[in-house]
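**Student:** The listed protein sequences derive, respectively, from chains X and Y. Residues in the first sequence are numbered consecutively from 0, following numbering that gives the first Met the number 0. Residues in the second sequence are numbered consecutively from 0, following numbering that gives the first Met the number 0.
The hints are simulated quantities; they were obtained by calculation from the structure and are not laboratory data. The structure displayed is predicted, hence computed values, not measured ones. Watch out, some of these pointers could steer you wrong.
[Said to hold, decoys possible] Here are the simulated distance ranges between beta carbons:
(1) X:Ser122 with Y:Asn41: 37 to 45 angstroms
(2) X:Ser122 with Y:Lys78: 19 to 27 angstroms
(3) X:Gly8 with Y:Leu63: 21 to 29 angstroms
(4) X:Ser19 with Y:Thr159: 52 to 60 angstroms
(5) X:Trp58 with Y:Thr272: 45 to 53 angstroms
(6) X:Gln15 with Y:Lys242: 30 to 38 angstroms
[Unchecked claim] Each computed DSBU-like pair below joins lysine-lysine, with the alpha-carbon atoms no more than 30 angstroms apart:
(7) Y:Lys287 with X:Lys156
(8) X:Lys86 with X:Lys28
(9) Y:Lys287 with Y:Lys78
(10) Y:Lys66 with X:Lys156
(11) Y:Lys237 with Y:Lys287
(12) Y:Lys37 with Y:Lys8
(13) X:Lys319 with X:Lys156
(14) Y:Lys66 with X:Lys28
(15) X:Lys86 with Y:Lys242
(16) Y:Lys78 with Y:Lys242
(17) X:Lys319 with X:Lys276
(18) X:Lys319 with Y:Lys37
(19) Y:Lys8 with X:Lys156
(20) Y:Lys66 with Y:Lys37
(21) Y:Lys234 with Y:Lys78
(22) Y:Lys237 with X:Lys86
(23) Y:Lys234 with X:Lys86
(24) Y:Lys237 with X:Lys28
(25) Y:Lys287 with X:Lys28
(26) X:Lys276 with Y:Lys8
(27) Y:Lys78 with Y:Lys66
(28) Y:Lys8 with Y:Lys66
(29) Y:Lys37 with Y:Lys58
(30) Y:Lys234 with X:Lys28
(31) Y:Lys78 with X:Lys319
(32) Y:Lys8 with X:Lys86
(33) X:Lys156 with Y:Lys58
(34) Y:Lys78 with X:Lys156
(35) Y:Lys58 with X:Lys319
[Claimed, not checked] Footprint (simulated), chain Y over chain X, 3 or more residues, beta carbon under 8 angstroms:
(36) 45-52
(37) 219-233
Virtual Cβ for every residue (Gly too), placed ideally from N, Cα, C.
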Amino acid sequence: MACAGYYTGLMLTMAQTALSNTGFGESLKSSVGDAIGDFIDSTPFLSGLDEMAQSVADWGSEVFDNFTSMGDGIFNGLGNSLTAEGKSVLDNALMTTAINSVSQELLGVDMSVYLQHVAQANSWTAGRNAIITSAIIDTAKYAYESVNSIDSQITGKLSAVNKALPTFSSELAATGSIIDLENLNQMGNPLNLMKNLQVQAGGLAVLEPALLAQGINPTQLTNVLSQTNDTGLLANLSIADALGTAGIVAIPEDTLVGDILSGGRTIYEGTTSTANKGLGAAIYDALGSVQGTDLATFQSVMGSDVQGVTSAQDLLNPSKLFPTSYESLASTASIEKVENTQTQQAQNLITGQAKIYVAPNDNA
Amino acid sequence: MASVNDKFKGIGSELYSSTPEDIADANKALANSLGQIKNVFNVTPQQLATVGATLETLKGLDQLDGKVIPEQDTIDYFKNNFAGGSGQNGEYLLTDVVGTPTGWVHNDELAAEGPRLAELERIGALDNLVREPGGFAPANTGNGIYTVMKYHVIHDSYYTPISVVDLSQPSGFRIIPRWTIPSGVYGAGIYGSRDAVLQALIDLANTEITQIAHDYPLQASQSVTSYTNMARQLKREKETWSKVGIDPASTLAGTEQPIMQFVTNIHDYGNDTTLGGKAWIFEQLAVKTTRGGQAIIGAMREGRNIQRLADAGIPTSLFRDQRFETEEQATLLDSTYTVEEAKNSIKE
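In isolation and in its complexed conformation, chain Y is listed as follows (with noise of 0.2 angstroms):
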């Protein structure tokens, strides 16, 4: 004969001086049991029993019959697969697709740089890479590494090519490519193509980078920081684009539908304040010095109050009276009978 299973000896204590233990801890365990069921306060045991007669369950279907459904892997899916955004919980910004127009992260992130570099340029830090004595003097020892950079880059200033004789040409004498960067200068030298020079110039700056970098380090830090955020924003926004089926090359241009979706959804974009959401999108994008652009943001918030007057039951008359179709009537064939149409189509 079975017997209450040992897993719930004891949760039926309270009736022990009524009952049976057995008894006592078999109704605990069953009341248990049923009070796992939604509303059960409220539905008598017919109703219980006269859906339970109908449900299905997943017999037969063993991938998931007694397991928790999803499994942790399905979880574990989503989440180090799909949840990819910047929002919390990897949760996706409507900026995390379209959102460097407006100026997403960028524009936080430049106008902290800006005045970053502007102000080690001020104090002179900057001088090795950037200084620029004035005139056009590609020789100017004075010359920063950027400087020198430019001229060669810009100017092709260090171009000096040589001729020697060479009986295989017809004119006796080849030009060989050469450059030369002058004593005292930058990248002082002589070398034998642009790319050279260029890579040269290019290590003395990262030398002197390094440097700043080792001078200032906080702002260094701050400036990898920045140009890390804008990157993952960028790449963010164009690895988004192939699942999004964004593919701006093959947008349709020139199309009115679009605007037209945009001005009769304008009131939603306004309800729309979610983080990086399309209220704040529009309004970064709204021309604020014209009355068209300012209609858009005028018009999202025209769209919010409709709302907040909506919640608390107060209609608004904002609406214009619209039709489809014009309100002049077609003439169409004649489809009644005269009492003489009448008499005559009436066969004996």
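So here's chain X without its partners, still in its complex pose (with noise of 0.2 angstroms):
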């Protein structure tokens, strides 16, 4: 069955001269014998240098070396002389000598073997380059990758959060959904806890009574997170400022001041002066008194299943998260920034791995 080729009208005319002449045919030629050739043409001495060194090649001098050398390293072009480099490798003869007889020796006799010299030559190349570029091309950008050992490269990484994989693998797995790889950088944000709670429960029921003791309206916190991926800025703000006074609810300790802030809003202030306590804090000092069946009901809605917690605060703490495998985890001992002068971009160069929990005088 015919089908589309390999073959064009110009690939079947190259191939047509290629194939029906002897030797090169008509299809390639030496580039450099034309250059020699007007090289030689050049100056009348030239022709006569080389007729000399066959003359004197040909009755086997003694003094052909010093001959083929006239003016190395001084004016070569005048004795027309091969260097001293060109010569550790090359057979005794003039410059245009010995380009003529490296060239013969690649073309050969016909193109067929030019064409094999070629091939073989293409082949080495690439996986010389190949060789070569990996090694040392673009250190910058592999500087980050390397400063890590081999080990932590071929685990993706994840040994280098903690070498003891079947561990920490097993104490992961029962985190759940509380530790939220999305949203690394909020990682330890009760904030952030929160947030991931009400998406993963639709609301924060289970927390409410906790919620409600530290003085926070949970219906306006749920408002409030779901309206915001930030929730690093509200761990930081005040409660009043990050929920408003629809946020605030009395607990028993309170006393109602009145309008104490501008545009009329009523705020109680007690003890634990709850307007102008940190979000972030009063979350994290709710967290602490969700305990007992509260906590198992919060593990249970987070899908999991922590060992040895006794409030959800420890569920905020990396050494209650991973009980045995926390000694080995690792992290990054420092970061600086460098400039990848391949692509431009400036890129955290890690310059050390230190384990994050220590004993007492380990400084590992």
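Since each chain sits alone in its own frame, please combine them into the complex, following the hints.
**Tutor:** Okay, structure coming up:
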């Protein structure tokens, strides 16, 4: 069956010429041969040197090497001399003779010889360049990678987090949805845990008593969390600034003091100074009161099964989240910006790994 | 009880208003660590835990475990021993291996050197070296050093043997070889060997070349650079052949297969427009005045256009139909039963 093939009209034309002629036919010819011819013809003495070299070589002169070195390093063209460097690998000859010799060796007696040499060279240079460039190019790009041990590289950096992969993985699985990998920069932020809980449970019901005890209106907190992704900002605001007066509820020991804020808003002021307390700290405190069955419910909602925790605060503590493997948790000790010349972008260069937790007097 | 490493103190300060400082620092350190994992933002902890439980480390491989690999000595090895090409970073160009026939390096250098020498000759700067008054005149005192050398080397014009009495010889005398360059001619003197004459003239030539170089330092320096470049190109090629496996003496000649492959690969060759690459090589070598030579260049251009059109989503119909075997069918043995044959083949 006929099908669209390899050959075009131009290819068939070049094939005809290449295959129907002997030697190099009418397809290819040495380019350097013409250049040498032009060079020799440019001044008569060069052809004279060429003729003499042949004769001196023929009589087996012992000073042939001196003849082909005339002017070397001083004014080579005047002797058409092959340099000492060239003579280290080439037959003793004038420069143009040496060039012709190498050219003829490569070209061979017909086109097929040179084409084989090109194919061999092509394969070799590709392989060589691949290893050269892999080894030495763009070291800045790989500086980020290579400061980590090969161990961490072949594990996709997981072993850089914790080398005890089986235990760490088991404990990571037990954290369920507590660790929000999508918002790693907010790891440990109580507000982020709240938002995460809200996503998992559709609200903050399990925390309502604890929040109310902190003077926080769960409904308003839910509303605010729904409208922001920047839990980092929220955590550092006061409750009043973060949630407004609607977010504050009276707690038993508070006293209604009336319109103490502008705009006629009502606020309570009590021993806990609810309005001015940081929202993050308040949430953290609220989490501390989530214990027992409430904690079990919390974990159930989050799909976690972290062992040995006594309150929901512990779910923000890496040493509690990874009760066994925390001792081998590691991180980047310091980070500095480096300029990647290849991409013209700054990258973080990790300058070292260190255990996150250390025993007293352990500097590792 | 373990505590947060001092090295991480302060990195979690953003959360100090919310949680105890050590917890904030530990969380930030852990977040940084997890952040190294590529695409971690798009996986779940469960996915991470599942794969983490299956991953292998280099435990027990003490030469590797905990090391930064490749180590500097590995990089240095390739930098110092492998990166010997003339391309950037020491990368090899195809012409570093098979470039001389194309004139790579040489054509440019020769094209510069020729006019340089011709100009010096034209202004008479090379007279002491190359002057040739004309006629066949070995004794002409106007001959330049190379001219004298030519009379000696090509014509042996200064051979003046002498006969001396030697009764040990059947003829009663023997010939003593001797070369005499006349007074006033470069190298004037009497020599006992042909090589001695040549060496004397070589020495004179070197002295004269040194003088010319002194008078024309720019041209001399350019010439040395040109010849150095050409020699290095030749050396690089020759030294590379053994690594490549090129042994010109044993390369089979007269075979069709390399040509067929050349033809079928010509489009790929055309698309290798790298410095000293295949497109450049075959543009240099193709005979530009014949249909066959032009077809090589044309086919490479065709290959590049096919790629460009393909990149733009435009197909081409340049390739001619082909088949690998004839459409005519062979007659094979009968393999079907007639009713009669089938009936008879059934055993009761």
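**Student:** Within 30 angstroms, alpha carbon to alpha carbon, are Lys234 (chain Y) and Lys28 (chain X)?
**Tutor:** Roughly 22 angstroms between the alpha carbons, so the hint for Lys234 (chain Y) and Lys28 (chain X) holds.
**Student:** That 30 to 38 angstroms hint for Gln15 (chain X) and Lys242 (chain Y) (C-beta), does it hold up?
**Tutor:** holds, 36 angstroms
**Student:** Does the alpha-carbon distance linking Lys287 (chain Y) and Lys78 (chain Y) stay inside the 30 angstroms limit?
**Tutor:** violated, 40 angstroms
**Student:** Taking 30 angstroms as the top limit, are the C-alpha atoms of Lys319 (chain X) and Lys156 (chain X) close enough?
**Tutor:** It holds: about 22 angstroms lies between the C-alpha atoms, which stays within 30 angstroms.
**Student:** Given the hint that Lys319 (chain X) pairs with Lys37 (chain Y), does the C-alpha gap stay at or below 30 angstroms?
**Tutor:** Given that 30 angstroms is the threshold and the Cα spacing comes to 25 angstroms, the pair holds.
**Student:** Given the hint that Lys8 (chain Y) pairs with Lys66 (chain Y), test it: the Cα-Cα distance must not exceed 30 angstroms.
**Tutor:** holds, 26 angstroms
**Student:** Can you confirm whether the C-alpha distance between Lys8 (chain Y) and Lys156 (chain X) stays at or below 30 angstroms?
**Tutor:** holds, 23 angstroms
**Student:** Verify the CB-CB distance for Trp58 (chain X) and Thr272 (chain Y) against the hinted window 45 to 53 angstroms.
**Tutor:** holds, 49 angstroms
**Student:** When you check the alpha-carbon spacing of Lys276 (chain X) and Lys8 (chain Y), does it fall within 30 angstroms?
**Tutor:** The hint holds at about 25 angstroms.
**Student:** Need the status of pair Lys8 (chain Y), Lys86 (chain X): alpha-carbon distance at most 30 angstroms?
**Tutor:** At roughly 65 angstroms apart (the allowed maximum being 30 angstroms), Lys86 (chain X) and Lys8 (chain Y) break the hint.
**Student:** Cut-off 8 angstroms, C-beta pairs, minimum 3 residues; does the coverage of the segment 219-233 of chain X by chain Y stand?
**Tutor:** violated (count 1)
**Student:** If you check the beta carbons of Ser122 (chain X) and Asn41 (chain Y), does the distance land in 37 to 45 angstroms?
**Tutor:** holds, 40 angstroms
In this structure, the hints that do not hold are numbers 3, 7, 9, 14, 31, 32, 37, in rising order.
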